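From first to last, the protein sequence lines stand for chains A and B. Each residue of the first sequence is one higher than the one before, starting from 1 at the first, in the numbering used here. Each residue of the second sequence is one higher than the one before, starting from 1 at the first, in the numbering used here.
Wrong hints could be hidden among the right ones.
Chain B regions said to be covered by chain A (calculated; three or more residues, Cβ under 8 Å) [to be verified]:
1. 22–36
2. 39–45
3. 48–59
4. 80–87
Beta-carbon label-pair distances, calculated as ranges [unchecked claim]:
5. B:Glu70 / A:Gln14: 19 to 29 Å
6. B:Asp96 / A:Asp59: 33 to 43 Å
7. A:Asn27 / B:Val54: 48 to 58 Å
Within a straight-line C-alpha distance of at most 30 Å, the following computed DSS-like cross-link-like pairs (lysine-lysine) qualify [as the list claims (entries may be wrong)]:
8. B:Lys57 / B:Lys18
9. A:Lys110 / A:Lys5
10. A:Lys110 / A:Lys56
11. A:Lys54 / B:Lys17
12. A:Lys5 / A:Lys56
13. A:Lys110 / A:Lys37
14. B:Lys17 / B:Lys65
15. A:Lys98 / A:Lys68
16. B:Lys69 / A:Lys5
17. B:Lys65 / B:Lys18
18. A:Lys5 / B:Lys65
19. B:Lys57 / A:Lys5
20. A:Lys37 / A:Lys98
21. A:Lys54 / A:Lys71
22. A:Lys5 / A:Lys68
23. A:Lys68 / A:Lys37
24. B:Lys57 / B:Lys71
25. A:Lys5 / A:Lys37
26. B:Lys71 / B:Lys17
27. A:Lys110 / B:Lys71
28. B:Lys71 / B:Lys18
29. B:Lys69 / A:Lys68
30. B:Lys71 / A:Lys37
31. B:Lys18 / B:Lys69
32. A:Lys54 / A:Lys5
33. A:Lys56 / A:Lys98
34. B:Lys71 / A:Lys56
35. A:Lys98 / B:Lys18
36. A:Lys68 / A:Lys56
37. A:Lys71 / B:Lys69
38. B:Lys65 / A:Lys110
39. A:Lys68 / A:Lys54
40. A:Lys98 / A:Lys5
Derived by calculation from the structure, the hints in this document are not laboratory data. All values reported here derive from a predicted model rather than from experimental measurement. Here a beta-carbon is modelled for each residue, glycine too, at the ideal position from N, C-alpha and C.
Given next are the chains, with one letter for each unit.
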Amino acid sequence: DQQVKQNSPSLSVQEGRISILNCDYTNSMFDYFLWYKKYPAEGPTFLISISSIKDKNEDGRFTVFLNKSAKHLSLHIVPSQPGDSAVYFCAASARGGKLIFGQGTELSVKP
Amino acid sequence: EAQVTQNPRYLITVTGKKLTVTCSQNMNHEYMSWYRQDPGLGLRQIYYSMNVEVTDKGDVPEGYKVSRKEKRNFPLILESPSPNQTSLYFCASGRDRANSPLHFGNGTRLTVT
Chain A
1 DQQVKQNSPS
11 LSVQEGRISI
21 LNCDYTNSMF
31 DYFLWYKKYP
41 AEGPTFLISI
51 SSIKDKNEDG
61 RFTVFLNKSA
71 KHLSLHIVPS
81 QPGDSAVYFC
91 AASARGGKLI
101 FGQGTELSVK
111 P
Chain B
1 EAQVTQNPRY
11 LITVTGKKLT
21 VTCSQNMNHE
31 YMSWYRQDPG
41 LGLRQIYYSM
51 NVEVTDKGDV
61 PEGYKVSRKE
71 KRNFPLILES
81 PSPNQTSLYF
91 CASGRDRANS
101 PLHFGNGTRL
111 TVT
């Protein structure tokens, strides 16, 4: 039972345009959500996070939106750059030590 | 430099031969965890540790053991590896819990034949 789902395995976007990566979850006990970015042959790196008491968090070109009623979060990258090409994972936690990741979305930003 | 170091980067072994993948962090983090990455399944948590001598199961703990005798080290032990444990493994550490921004190692590619 996949509690965190990223239904788009891949996304292709033109440089300068907006990239929108989506993530759905099923467990209403999740209270914190994070996005990680992964380049080939490297470990994931933390990108941005959001607490369930908020509906938006922004950090430079990256914004995460949380819709609790729909159990949906999205990551917006504006403007997209070729260096943003990577696999993006969303993750969710419900206090303590458990962390559940989605399957990942491979973003390709074309010049 | 803040880092999580995993060793080895690549490992090929045979079914049943015990192995250990080491993980060390230099950030004095309380929280450490192990994940495996498989195609189409994303990252799945194997075990985590909230502090020294405190470990707990993640989503896929079967066939794995861990220990946390010191704050900086969190080795992953496969007592009797099987081919379905062929995967890419990542160790991570965070300040105090899973929702802390995690620092990941560069991964260990394990093949069990």
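(request) Mind listing which of the numbered hints don't hold for this structure, in increasing order? (result) 4, 5, 6, 7, 11, 16, 27, 29, 34, 37 and 38
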